[in-house]
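Which chain is which? The protein sequence lines are A and B, in order.
So the first sequence is numbered by the numbering used here: it starts at 1 and just counts up by one.
So the second sequence is numbered by the numbering used here: it starts at 1 and just counts up by one.
Worth flagging that the hints you see were computed from the coordinates, not collected in a lab.
For each residue, glycine too, the CB sits at the ideal point set by N, CA and C.
Check before you lean on any hint, since a few could be wrong.
Label-pair ranges, simulated between beta-carbon atoms [said to hold, decoys possible]: (1) ALA90(A) to GLY326(B): 17 to 25 Å; (2) TYR167(A) to ARG239(B): 24 to 32 Å; (3) GLY326(B) to ARG22(A): 35 to 43 Å; (4) VAL204(B) to GLU28(A): 39 to 47 Å; (5) GLY326(B) to ALA207(A): 43 to 51 Å; (6) GLY326(B) to LYS89(A): 19 to 27 Å; (7) GLU23(A) to LEU348(B): 46 to 54 Å.
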Amino acid sequence: MIRVVIADDESPARDKLQRWLRELSDIEVVAHAEDGLQAAGFIDEQRPDVVFLDIQMPGLSGLEVAAQLEQEAAPLIVFVTAYDEHAVKAFDLNAVDYLLKPYDKDRFLKAVARVRERLGDRQSRAPAVVTARAQTGSSERLLVPAGEQLQLIESSSIDWLEADDNYVHVHTPSRKYLLRRTLQDLLLQLGEQRFARIHKSAAVNVAAIASLTPLFKGDYEISLRNGVVLRLSRRYKDALFARMGR
Amino acid sequence: MAVVSPSAPVAEGRLLAVTSPGRLLLWLWGAFCLVLILVAVQDQMHNPYIAWWEPLLWEGSSCVGATAWLLWQRRHKHRFAPYLDQPLRWFGRHLVWSPLLIVTFIGFVYGVRHAVYALLGGAYTHESWPFVIVYESLKLLLFSGLWLGIIFGLDSFEQWQAQRRHLLELQKSLAEAQLSQLKAQLRPHFFFNALNTISALMHVDVERADRMLARLGDLLRISLQINDREMTALREEMRTLELFTQIMQERFADRVALSWNIGPDVLDTQVPMLLLQPLLENAFKHGVERSVGSVDIGIAARREGSRIVLEIRNTGSALPAEHREGVGLRNCRERMNVIYGHDATLQLTGDGDSVVVTVTLPERQA
């Protein structure tokens with residue numbers, strides 16, 4: 001079974017997709033979202049194979065949802081949109097498909113056929129997410145789980161990131177968030193501008209560094225603005241110093 | 001500066017054609033010549049030694065010579081026209097011709113007089129040639145200076161008139177071009193979404209889909225009409241907004257609550273067609289489409305003295321401190337500017353989580 005999430009803020013548009021998807025025996029609609037945040041939540045929770053993603057949605061646009069996905073673990077994306085085809089055409093058709101509203105059943109079935117084909121191959125899903133990130137300036141905002149819900153935080157408010165197996169702890173002055181993503185992927189999204197790796201399993205917001213103290217063997221101790229002390233390993237020292245202009 | 005072509009189209013009627021500066025000059029010149037001849041004839045009337053035709057010949061020949069030069073000036077006035085705004089250069093350009101004027105004038109006039117006297121078997125007697133040349137030169141310079149002054153005045157007036165007409169035409173066509181540019185267009189986004197809603201409704205409720213299709217058709221018709229019409233009654237404009245909201249309500253169902261508050265005494269006022277539509281569309285775009293919860297939209301119209309106040313208010317979108325106006329709002333503002341000058345205002349204000357756009361127009365009846 002192909003597991004599908006539908007995301008559109010207009011109920012007639014959702015109903016139309018749902019009706020046609022239900023007619024197909026190999027497809028199961030596992031959730032339908034009414035806005036961008038809900039869509040991101042369902043994708044995180046349900047881990048669907050495919051998501052039909054409307055672009056114009058309140059809270060978080062379809063493109064922004066795609067930009068916040070983990071590159072390698074992302075579902076296939078079919079964008080659905082009324083008029084933003086210029087935004088959608090930037091995507092490689094091998095990575096995603098798109099439906100322009102209004103679309104007929106033939107066009108819809110063609111998109112589903114493409115999805116079936118793509119699910120069979122082993123190609124990376126990363127290009128779709130990378131393109132969405134490039135289009136939305138996703139380095140500025142990060143989607144994090146806060147209790148039952150997801151919320152967006154400003155990446156400038158993050159002090160440091162701590163890897164923990166396949167999870168990352170996101171430390172901000174007010175609280176800590178746990179994300180099911182790799183540190184590697186998170187740094188790709190947030191960009192090299194703001195964050196620097198300090199050892200294998202941690203990265204800091206360069207702007208949050210208060211002071212550096214040398215230790216033995218070329219290692220350093222980093223004090224952050226909130227008083228937290230971290231270790232800077234030799235391996236990442238040069239890159240960080242170069243960044244800080246020392 | 002543009003050279004005024006003598007063949008510039010005269011838009012005004014015949015009355016103005018008769019009194020156009022060029023014609024007025026010729027009338028004045030004719031009267032001048034007539035007076036000159038009559039005075040000379042009358043002066044010599046009681047002189048027994050002078051025949052009646054003699055003063056006629058003297059002054060007549062002078063008038064013909066001078067008229068030839070005046071006609072030459074009229075024929076070539078466009079050469080001098082570019083200097084009309086620099087009077088000294090304009091007169092200077094004419095002055096260059098004065099040696100030729102003097103030589104041809106004296107040659108012609110005295111030639112004619114001598115010839116006529118000779119033909120009649122007499123002799124034309126006059127002062128010595130050096131005296132004649134100095135005397136006639138001074139007289140010529142004096143009179144041509146006087147007439148050039150008159151010509152300068154009339155030509156300047158004509159040029160000013162033509163320029164003003166040209167400017168008015170330019171302003172008019174510019175305003176028309178601006179207006180057609182600024183006229184509201186329904187966003188294509190709106191049409192495609194509406195079509196998709198109809199395509200979805202069709203499967204569950206044919207009647208409703210049909211109704212929505214008819215409304216979309218009406219709206220499309222109205223938005224095409226704007227090419228032929230600038231103003232419409234507020235009643236019509238409200239009907240357009242109603243069509244638009246009905247379609248939006250199909251799409252967003254319980255996410256929007258509408259309230260109308262239209263004073264019955266303003267319904268006949270003329271307003272620019274589709275002026276409010278983009279403002280209402282903004283309320284949906286920034287309010288409803290970006291809010292997860294329900295949004296209130298209020299549409300109000302009322303009279304305040306001799307002015308009409310139109311207001312569209314929506315919840316669900318606080319106005320950011322660093323607010324940049326979008327194309328829709330900017331176009332509305334410029335369009336009002338073209339139609340009303342500084343007599344109309346458009347104001348965008350934030351009020352908590354509400355945004356209010358207020359349009360104030362002078363009242364106009366059809």
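Hint check results:
{"no.": "1", "hint": "ALA90(A) to GLY326(B): 17 to 25 Å", "verdict": "holds (23 Å)"}
{"no.": "2", "hint": "TYR167(A) to ARG239(B): 24 to 32 Å", "verdict": "violated (58 Å)"}
{"no.": "3", "hint": "GLY326(B) to ARG22(A): 35 to 43 Å", "verdict": "holds (39 Å)"}
{"no.": "4", "hint": "VAL204(B) to GLU28(A): 39 to 47 Å", "verdict": "violated (22 Å)"}
{"no.": "5", "hint": "GLY326(B) to ALA207(A): 43 to 51 Å", "verdict": "violated (33 Å)"}
{"no.": "6", "hint": "GLY326(B) to LYS89(A): 19 to 27 Å", "verdict": "holds (24 Å)"}
{"no.": "7", "hint": "GLU23(A) to LEU348(B): 46 to 54 Å", "verdict": "holds (47 Å)"}
Comparing the model with each earlier hint shows violations of hints 2, 4 and 5; every other hint is respected.
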